[in-house]
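Build out the structure end to end from the sequences listed, making use of the hints.
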Amino acid sequence: MKTYLVDYSEIAEAELDTILLRMIRLSPRTANRWQEGLTSAIEDLSSMPRRFAVAREQPDFNREVRALLYGKYRVLYTILDTDGNGEEDTVRILHIRHGSQDFSLPTEEELDK
6 MKTYLVDYSE
16 IAEAELDTIL
26 LRMIRLSPRT
36 ANRWQEGLTS
46 AIEDLSSMPR
56 RFAVAREQPD
66 FNREVRALLY
76 GKYRVLYTIL
86 DTDGNGEEDT
96 VRILHIRHGS
106 QDFSLPTEEE
116 LDK
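Letter by letter, the sequence shown follows residues 6 to 118 of the working numbering.
Hints should not be assumed to be uniformly reliable.
Unchecked claim - Below, in silico cross-link-like pairs of lysine to aspartate or glutamate (EDC-like), each with a Cα-Cα straight-line distance of 16 angstroms or less:
| id | residue 1 | residue 2 |
| --- | --- | --- |
| 1 | 7 | 94 |
| 2 | 7 | 41 |
| 3 | 7 | 86 |
Claimed, not checked - Across the chosen pairs, the derived CB separations fall in these ranges:
| id | residue 1 | residue 2 | range |
| --- | --- | --- | --- |
| 4 | 46 | 93 | 17 to 25 angstroms |
| 5 | 88 | 67 | 16 to 24 angstroms |
| 6 | 93 | 61 | 37 to 45 angstroms |
| 7 | 68 | 31 | 32 to 40 angstroms |
| 8 | 7 | 41 | 24 to 32 angstroms |
| 9 | 56 | 31 | 17 to 25 angstroms |
If you are wondering where the hints come from, they were derived from the structure by calculation, not from laboratory data.
Quick reminder that beta carbons are idealized off the backbone N, C-alpha and C, glycines included.
Written out as structure tokens, the structure reads:
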């Protein structure tokens, strides 16, 4: 089975930091467990990343974007060929959003970061 590299866009990293800061204020223990669970779910994308549905925003974009659901959060990601050999090798985490947030997709520039 193929293994993909998993990386985060700068925006996704910032969104994760913001979520964790809010959670830590309420309960550091809960925040830690949530982060461990989310990180594990995201790392699992290294195998069979297409097992999750195409994001509902997909018709608005020219690149496939999929959504992993984790509790009340949606992890939007795409699968890329980062080394240019014609074979997809990387899962890029684009956004980590609460389900109630705006569903607009990232720009092409965000995808390439």
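Hints and how they fare:
1. 7 / 94: Status holds; Cα separation ~9 angstroms.
2. 7 / 41: Violated, at roughly 24 angstroms.
3. 7 / 86: 13 angstroms, holds
4. 46 / 93: 17 to 25 angstroms: Hint holds: Cβ distance 20 angstroms, inside 17 to 25 angstroms.
5. 88 / 67: 16 to 24 angstroms: Taking Cβ atoms as reference, residue 88 and residue 67 lie about 21 angstroms apart, which means the hint holds.
6. 93 / 61: 37 to 45 angstroms: Given a distance of about 22 angstroms, which is not inside 37 to 45 angstroms, the answer is violated.
7. 68 / 31: 32 to 40 angstroms: 36 angstroms, holds
8. 7 / 41: 24 to 32 angstroms: 25 angstroms, holds
9. 56 / 31: 17 to 25 angstroms: 32 angstroms, violated
Taken one by one, the earlier hints fail for this structure at numbers 2, 6 and 9, listed in ascending order.
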